[in-house]
Amino acid sequence: MFSYALKSLRANITRLVATALAVILGIGFLASGLMLTDAMRSGLTGDVEEQYQNVDFAIIATASSEQSSGMDFQLTVPESVLATARATPGVEAAAGEIQADARVLRPDGTTANLRSQGRSWIADSELNPLSLDEGSAPKGSAQVVLDRKLASEAGASVGDTVSVQTPAGTKQFKVSGISSFGRQDALDDGGTISFSEETAVQVLNAGTPGFSDVLLRTSGDPATVQAALEEALPTSVAIQTGEQFVSDAAESASAFISLLRPVLQGFAYLSMFVAAFVIFNTFSVVVTQRFRELALIRAVGGTPAQVRRSLIFEGMAIGVVASALGIVVGAGLAIGLQALLRQFDLEIPGAGVKISTYTVVLCMLIGVVVTTLSVIVPAFRAGRTKPVEAMRSSAVDTSGSSAVRAVFGAIFLLGAIALLLANRFVGVQWFYLTFGALFLFIGLFIGGPLLARLFAILVRPIMALFGMTGRLAADNAVRNPKRTATTANALVIGLFLVTLVTVSGEAMKTSLVDQLSSASSPDFIVSSQGAIDPKLVSSIDKTPGVTNTAAIKSSVAVESTGQATFVSAASLDELTKSAGLKVTSGSSDAVASGAGIAVPDFSNFGGGALSSPGAIGAGLGDVVILRTLDGQELSLPIVAVYEGSLESFVGNIMNPETFKSVVGEKPVSQVFVRVEPGQADAVGQDLEKVLQGYTGVEVQPGNFIGQIVGTVFDFLIAAVNALLAMSVIVALVGIVNTMTLSIFERRRELGMVRALGMTRQQVGRMVRFEAVLIGLLGTLVGMGAGILLSWVVISSIADGAIDLSFNWARVGLIFLVGILVGVVASILPARRATRLNMLDAMSEA
Amino acid sequence: MSNAVQTSWAAQVHGAAKIYGSGENEVRALDHVTVGFEKGAFTAIMGPSGSGKSTLMQCAAGLDRLTAGTAFIGDVDITKLGEKALTLLRRDKVGFIFQQFNLLPTLTAEENITFPLDLAGRKPDPAWMTHVVNTVGLSDRLHHKPSELSGGQQQRVAVARALVERPEIIFADEPTGNLDSTSSAEILSFMEGAVKEFGQTVVMVTHDPVAASHASRVLFLADGRIVDELMAPTRDSVLDRMRNLGD
Numbered sequence: 001m002f003s004y005a006l007k008s009l010r011a012n013i014t015r016l017v018a019t020a021l022a023v024i025l026g027i028g029f030l031a032s033g034l035m036l037t038d039a040m041r042s043g044l045t046g047d048v049e050e051q052y053q054n055v056d057f058a059i060i061a062t063a064s065s066e067q068s069s070g071m072d073f074q075l076t077v078p079e080s081v082l083a084t085a086r087a088t089p090g091v092e093a094a095a096g097e098i099q100a101d102a103r104v105l106r107p108d109g110t111t112a113n114l115r116s117q118g119r120s121w122i123a124d125s126e127l128n129p130l131s132l133d134e135g136s137a138p139k140g141s142a143q144v145v146l147d148r149k150l151a152s153e154a155g156a157s158v159g160d161t162v163s164v165q166t167p168a169g170t171k172q173f174k175v176s177g178i179s180s181f182g183r184q185d186a187l188d189d190g191g192t193i194s195f196s197e198e199t200a201v202q203v204l205n206a207g208t209p210g211f212s213d214v215l216l217r218t219s220g221d222p223a224t225v226q227a228a229l230e231e232a233l234p235t236s237v238a239i240q241t242g243e244q245f246v247s248d249a250a251e252s253a254s255a256f257i258s259l260l261r262p263v264l265q266g267f268a269y270l271s272m273f274v275a276a277f278v279i280f281n282t283f284s285v286v287v288t289q290r291f292r293e294l295a296l297i298r299a300v301g302g303t304p305a306q307v308r309r310s311l312i313f314e315g316m317a318i319g320v321v322a323s324a325l326g327i328v329v330g331a332g333l334a335i336g337l338q339a340l341l342r343q344f345d346l347e348i349p350g351a352g353v354k355i356s357t358y359t360v361v362l363c364m365l366i367g368v369v370v371t372t373l374s375v376i377v378p379a380f381r382a383g384r385t386k387p388v389e390a391m392r393s394s395a396v397d398t399s400g401s402s403a404v405r406a407v408f409g410a411i412f413l414l415g416a417i418a419l420l421l422a423n424r425f426v427g428v429q430w431f432y433l434t435f436g437a438l439f440l441f442i443g444l445f446i447g448g449p450l451l452a453r454l455f456a457i458l459v460r461p462i463m464a465l466f467g468m469t470g471r472l473a474a475d476n477a478v479r480n481p482k483r484t485a486t487t488a489n490a491l492v493i494g495l496f497l498v499t500l501v502t503v504s505g506e507a508m509k510t511s512l513v514d515q516l517s518s519a520s521s522p523d524f525i526v527s528s529q530g531a532i533d534p535k536l537v538s539s540i541d542k543t544p545g546v547t548n549t550a551a552i553k554s555s556v557a558v559e560s561t562g563q564a565t566f567v568s569a570a571s572l573d574e575l576t577k578s579a580g581l582k583v584t585s586g587s588s589d590a591v592a593s594g595a596g597i598a599v600p601d602f603s604n605f606g607g608g609a610l611s612s613p614g615a616i617g618a619g620l621g622d623v624v625i626l627r628t629l630d631g632q633e634l635s636l637p638i639v640a641v642y643e644g645s646l647e648s649f650v651g652n653i654m655n656p657e658t659f660k661s662v663v664g665e666k667p668v669s670q671v672f673v674r675v676e677p678g679q680a681d682a683v684g685q686d687l688e689k690v691l692q693g694y695t696g697v698e699v700q701p702g703n704f705i706g707q708i709v710g711t712v713f714d715f716l717i718a719a720v721n722a723l724l725a726m727s728v729i730v731a732l733v734g735i736v737n738t739m740t741l742s743i744f745e746r747r748r749e750l751g752m753v754r755a756l757g758m759t760r761q762q763v764g765r766m767v768r769f770e771a772v773l774i775g776l777l778g779t780l781v782g783m784g785a786g787i788l789l790s791w792v793v794i795s796s797i798a799d800g801a802i803d804l805s806f807n808w809a810r811v812g813l814i815f816l817v818g819i820l821v822g823v824v825a826s827i828l829p830a831r832r833a834t835r836l837n838m839l840d841a842m843s844e845a
Numbered sequence: 001m002s003n004a005v006q007t008s009w010a011a012q013v014h015g016a017a018k019i020y021g022s023g024e025n026e027v028r029a030l031d032h033v034t035v036g037f038e039k040g041a042f043t044a045i046m047g048p049s050g051s052g053k054s055t056l057m058q059c060a061a062g063l064d065r066l067t068a069g070t071a072f073i074g075d076v077d078i079t080k081l082g083e084k085a086l087t088l089l090r091r092d093k094v095g096f097i098f099q100q101f102n103l104l105p106t107l108t109a110e111e112n113i114t115f116p117l118d119l120a121g122r123k124p125d126p127a128w129m130t131h132v133v134n135t136v137g138l139s140d141r142l143h144h145k146p147s148e149l150s151g152g153q154q155q156r157v158a159v160a161r162a163l164v165e166r167p168e169i170i171f172a173d174e175p176t177g178n179l180d181s182t183s184s185a186e187i188l189s190f191m192e193g194a195v196k197e198f199g200q201t202v203v204m205v206t207h208d209p210v211a212a213s214h215a216s217r218v219l220f221l222a223d224g225r226i227v228d229e230l231m232a233p234t235r236d237s238v239l240d241r242m243r244n245l246g247d
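Chains as they are written, first to last, in this note's numbering: chain A, 1 to 845; chain B, 1 to 247.
Keep in mind that a hint or two might mislead.
As the list claims (entries may be wrong) - So, partial list: chain A residues that the calculated Cβ filter (under 8 Å) puts toward chain B:
id, residue
1, L472
2, D475
3, N476
4, E749
5, M752
6, M758
7, T759
8, Q762
9, G764
10, L839
Stated by the list, open to error - Label-pair ranges, simulated between beta-carbon atoms:
id, chain 1, residue 1, chain 2, residue 2, range
11, A, L813, B, K123, 40 to 50 Å
12, B, N178, A, A406, 33 to 43 Å
13, A, I827, B, N178, 28 to 38 Å
14, A, L454, B, K123, 26 to 36 Å
15, A, V17, B, S22, 36 to 46 Å
16, A, L454, B, G193, 36 to 46 Å
17, B, E26, A, L813, 55 to 65 Å
Said to hold, decoys possible - Covered stretches of chain B (chain A as the covering partner; in silico rule of three or more C-beta atoms under 8 Å from a C-beta of chain A):
id, stretch
18, 78-87
19, 91-98
20, 102-108
21, 114-124
Hints listed in this document are in silico derivations from the structure and should not be mistaken for laboratory results.
Even for Gly, the Cβ is constructed at its ideal location relative to N, Cα and C.
Take the sequences, apply the hints, and build the full model.
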């Protein structure tokens, strides 16, 4: 029987390709989703584990237990702690970490990489994540080590002198060495510039002594060492084990991915479900097509078990080969997405595709298991094929309308609707939502034949308007309600998912993009590491299409507690007009008059994922004390709080006079630009032209994270829909198949009606109507379920804040596709029916 | 009577030939047959299997096409009609009663009866409809589906369907082939009644001498030719002729 299975596979290449394609695409999508998530996660967390692999303990500041990443201010561990730690018994090595944005300029003055980081070089080679490939470690105030990636981007080698921009300004450094990170060229995505410890304090920390954390390598009993450290160190710092430190660091580094993770996982699960469905359905159709062949095998003496085994073996063989191909296709899809995004100048975090063992094993497992399971149900059905089955002529099959079926179908459907409505109106619980969706499907499947009959009763009067052919089509469509329902179900699931993904995917995208756009909502940000010339500011202001601008001066100030904090001079009113900043309490006038400062409100942002800087986490009425340039302490009351969405760009906002007295004269470093609606592309190009000739000044879309997310979503929606198109095609094949089977069964009857005077045209129309009705049934049920679930899901994302704002055009399009499937599916069976030789058909006994 | 000058034939064939295959494999299902079916007469066609009796009926009814010769329904030469015109002619001028698969299972008895009229988009004459339904005794069965009717009742529906459109001619192909003797007798008497009372023309193919005895004229076919003819047949006279055919 195995040899039969193999021969059968070889003999039916087309069928094999159709089936395998379902598996390949299904697994391919799943694989690409997993690979991209992996790549993004590792890209964003920056190989934290590898970076800190030899860290036994870490000392962190305790004012906040969370670190904030990508921000220009951090809690610091005082310099004295490092000395104390080094003197503690059991400590083999200690190093303070300092990290801030830094850029290397190419000889022509352009920036080598915009995302490069400056770090202090750690002398202890085991604690230092970087290893020195060439040259020597940086010494003194004029040497740096570049990593291999950045060195090649900057075109610099050991011994060259390069200009480096740091928060302290641009300075010349000599490249003393080239570093690498493990097997990779770079630790930070954009490359790393390493300074000696003293220099790092100066250029990266604005001269403020202190470290973001202190890394320790110890020997002996960890508990003893920890106790000794706790004894020796002040209470303002805390000691973490290496593992704890790594997991905290990874957590904070992946704030962005934590936003995307549920979405990506959701898509992965969805794709898994779709893949399983597509595979299952393809096999059902294929086995149905082979009923007569299988009946023949049974007739010549094949046992039911042999028929079953040959089919299951066939399924497994396809599962293994196609899943492996699917993983390859998945890698291709993932690379394709990255390339596509790069075309739009959008780089998603994490370069290349990471094919982890986990991904391969999971994809192979799911592919083979799902394929095998998918074939088991039809295989058992096939095993039961009676040798004479294919010859049977059934008149009206009412087997699909038992009372038990009606009761169970109704219970599940009503239960599903109750659960879904409860979700919608009482508040979403994913647990109930999942069960609601599950029940909905079970209900639709059990109740399918009854729904089909109900549908026929409803459309009968409408179809009767098309005359006798319409009437008969409606009746014929439910001659065998179970089969009609099964056929329509293929379309139900396909269109359900298309609708769900399109409607709720769009809404999720809009919601997420809005959320992210509001996090950086100017249309463009013109920024410079150095200064933006006042003349340039006015040129930007005068560029046609630009409606508002806000010029911002920023710097790091020092609080009386010694902690660094990020301050900016800007007008809140201008920020409101150009970047959508919202003052949630207090008054912008008070800030403008110099009565106090405005601070970001973190309570509503990302569920508090980002910490407030130092003491400035306080609210309205609290006082912040900053050290001024002349060593005085300046008390500044908080007189306004703004929505914490621009905080990483502007920090704490004060008027220019206050700013000057705190940090001195500073140039404009950022300009937020608002343009006329719909003019973004054109104005963006004009701004690029305006900026020509100003080195180091660049214009970026203000909501570029939003754009990335939007593009990723568009891709995911498109990719899922492409996969679902596959399932729609499978549904189409299913309808063709069912219709062909029905026509074969009804050939005598068709011969009779032809004799009685039904023209070929009328016969063709009758068959086409019937196929369209099956298509319509599947479309209505599928879209109905999809819209219902979307309606519930959408309320869950935004707590009812987003309405189900339908893209009616797209919903209409899906509907048309569903109907079109019926029309296309009817072509072949209708032709077969009209060409039927009426005498042959009738004379068959 | 067959040789008498008849001005009004319901249907007729002239030099009708139906040949399958060619050369050595040539089979002459109909070998240049000329015959007419009078209006208002009940004609039975008999003959052994393969004699061409069904072929003759199918070609005369416009279900099949002749290889040579002409066929008329009324005064229309159906061999000159295209597929669609022929279908419409069948729908409007010809009634059929088959041995089985006579009714559409999804339609009620009444809907089955009016089916050819519905196809044409016409309404039955209500008085005539009532009369026909009463004649075949179906008035209390009109809203039943075929699956709820006995075999005899199903054939009565088929008879009513053939009668209700008042066709030029009704062709019946072994209409009692699947029925018990009681139901057969009912159906045959309905057909006989239709001829006598309504002046309906009926042509019936059968191999049952009892059925044939209800006709006014019996044609005997063998090897694609008309070999004999019997007027006012009885069961015994038909059996007698049949025996002679075998020789």
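Quick one: which hint numbers does this structure break? Sort them smallest to largest. 9
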